[in-house]
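Colleague: Based on these hints, arrange chain B on the given structure of chain A.
Here the protein sequences come in this chain order: A and B.
Going by this note's numbering, the first sequence opens with residue 50, and the numbers climb by one from there.
Going by this note's numbering, the second sequence opens with residue 1414, and the numbers climb by one from there.
Keep in mind that the hints were calculated from the coordinates and are not lab data.
Since this is a predicted model, take the numbers as computed values, not measurements.
Be careful, since some hints might not be right.
[To be verified] To be clear about the criterion: a stretch of chain A counts as covered by chain B if any three or more of its residues have a C-beta under 8 Å from a C-beta of chain B, and this derived list gives those stretches:
1. 117-127
2. 293-305
3. 360-371
4. 428-436
[Stated by the list, open to error] Going by beta-carbon spacing under 7 Å, a handful of chain B positions derived as facing chain A:
5. 1467
6. 1478
7. 1482
8. 1486
9. 1569
10. 1572
11. 1588
12. 1591
13. 1595
14. 1679
15. 1697
Think of the CB as a built atom: it goes at the ideal place given N, C-alpha and C, for glycine as much as any other residue.
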Amino acid sequence: MMKFRLRAWALAAATTLTPLASQAGEIEWLQWFAAEDTTGFYDKLVADFEAQHPDITVKLVTQPFGKVRESIVTDNAIGVGSDVLGLNMPWTKEFLDIGILEPLDDYLAREDNSFDTADLIEAPLGKIDGKTWMVPLNAFPFVMHVNMELVRKAGFDAPPSNWEEFAAQAKAISALQDGISGVGMPFSSQPPSNGPILTFLPLLYANGGRIMDGTTPNFDNPKVVETLQFLKDMNDAGSIAPGAASRTGGVDLEEFIAGRTGFLISPGVHSSSITSRNPDLDYTLVRVPSNGEKAYRVHGWELGISADSDNKEDAWTLVNYLLSPEVNAKAAVAANALPGNLAALDVVRKGADKTLIKQIEILEGDTPVEEMRQSPKAAGSWSVMTEELQAMLRGDKSPEEAAAAVQARWLELAQ
Amino acid sequence: MHSNTHGPDTSVLGPPAQKDKPVTATLRPMTTRGAPYLFVLPGLVILGALLSVPLYKVVEYSLYDNVIVEHDPTYVGFGNYTTLFSDPSYWSAGFNTVVFTVGSVLGHMIVGIGLALLVNADINARARTFFRSMLVLPWIFTAVVVALNWQLLLNPFGLINYVLQWLGLISEPLDWLGNPDYAMWALLLISTWRGYPFIMVSFLSGLQTVPKELYEAAEIDGAGFWHKFWHVTLPQLKPVIYGVALLDLIWTFQLFPLVWLSTGGGPGRATEVLSTLTFRLAFVDFQFSQAATVAVSILIISAAFTLLYLRNEARRV
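This is chain A alone, in the form it adopts within the complex (with noise of 0.2 Å):
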């Protein structure tokens, strides 16, 4: 009778540390992906996956993308981190220094890869610490939308191409009537605040200028001083939407799609979002305006797999097929995004509509950028340009005084 009583407790706990205890065979899988996708496109992908590799499970773990970055980090200290791991570019170097990731080095000199690395989007690849730590699911290229009834009705036919056209279409523009402005800048402190990082810093890359030297930053540099006084002036001149210390990138968009601002810099991948919301806007998107620079900031989807992972094998293998151009394909077309795997360019070609197609044409042919991933502590970093870029506008700094100010509180941060 004590046997059994003692064999019934040993069965009981065992059943219930089994969740705990990672299996052979079982990876899971932690990312925002799915969140943004109303299609079930991810839980089919899943079982593709399972069908192809019985020996292999996939628990997909989903949370909005807000929480994923500490998630992330707390998972991994309490140790019960997911295999595979949904990535943001500036997440890099932030999270090898905790020791969150995998180098993917080894993974990627296999030959019996999927994919050809030298055919995947560089930018997340590129060596930090002399290692590759995540690769492209899919890409976005900064772009600038255009509402070409406004560029119209101020006067011009097309959208700009230079920041000398562009400040003064973005002038004209705010001078049409209120309630109406040249662009929005969204510099809210409001989480997470990185409204620089998505409209200053693809418009410096387009200037030719550059904000890290490494993994140092290099913030107080004569580019960068000039595309902050471009802002300034533009401010200065009124062509940009009151209020952009309380305008979070989400309004941004929202004024943008309700035709209240004639121009968005943001992420290409939004094309989907305005004509879907508003079918009726004159609408197109051009290259950021530059000053003979072909080079944009690059954003996307990445993946990595985890150091503290027990079945880093599977894991890789469910990021081995996921980068197969077939499957990246699918997966581009489904965000409505650029394939990281530019073999995959060609299918998604196809089906394109003419926003996609000059996304393909930028991604083809300009240089991307993305050099949040070398800061040390990213998210602070941009909460830090978001400040000073604030009191820049409020007229509190002069532009040479901000870059100085954010120089000087990254390299505390760094620290």
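Modeller: Okay, now just chain B, sitting in the frame of chain A:
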């Protein structure tokens, strides 16, 4: 008087204990009396652990150089506290917390008491129910909905700027949440709107316990509305006011979601309070030990308010 001093109480335990089972006989009264405690024990253990373990961990974290991101953190004693108390951003957030807390509680009390008096008025019963239901609505909305709606209302192109311009009170739209001079005032407005229903409901129930005879006596003495309010209503509600104000103080002092979702502590750090500073240190900068240190300072101040509240409640009982 019967006294059962030679064995167990058979009326409770049934037949007398057998001589060959003395241990069982001894345990029976214990198990009978202890049974209720055994039933609640799992709940008590879980509840105790859920309360004490996080509390202990936060205090422990504050004594290390940086936990969570450091796999092998170093014990630094009160080093984080020394760093924190010499950091101007901590004192600035502390000052903002005091302004926000005092301003919000005052706003809640003034609006809450005023509206409680209005919805306690002797008017048509259906109308009174309607107004009571409508006025309690801000309490029901989540912080996200409240923050989003007020952001739209306070936008330079929003309704509030439009009305103020139409009334001729301002000449051009103001960025209420984006200007450091106005952001705290705007936040206090939002907090007042969100928090008054609790005070209103508490006072409404309190008002209904004030004896009508007191008002009748005051009226015979020729007292008007304000005299009755100052000399009858307020003194009668004093214990409720004190208790509810302390409770509101405790909640508002550590309020996080409404501030974070409305302003994110900005513009700059104009509306940064201790709770948002804690979150910023933890999940923006990954300085978890510094965040734990700020959290401990919030805990100590909140505990002091809680003790005051408990003393007040004990006195009322």
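Colleague: Hint by hint, note whether the structure agrees.
Modeller: Here is what the structure says about each hint:
no.	hint	verdict
1	117-127	holds (count 5)
2	293-305	holds (count 6)
3	360-371	violated (count 0)
4	428-436	holds (count 5)
5	1467	violated, 13 Å
6	1478	violated, 14 Å
7	1482	holds, 5 Å
8	1486	violated, 11 Å
9	1569	holds, 4 Å
10	1572	violated, 13 Å
11	1588	holds, 4 Å
12	1591	holds, 3 Å
13	1595	violated, 10 Å
14	1679	holds, 2 Å
15	1697	holds, 5 Å
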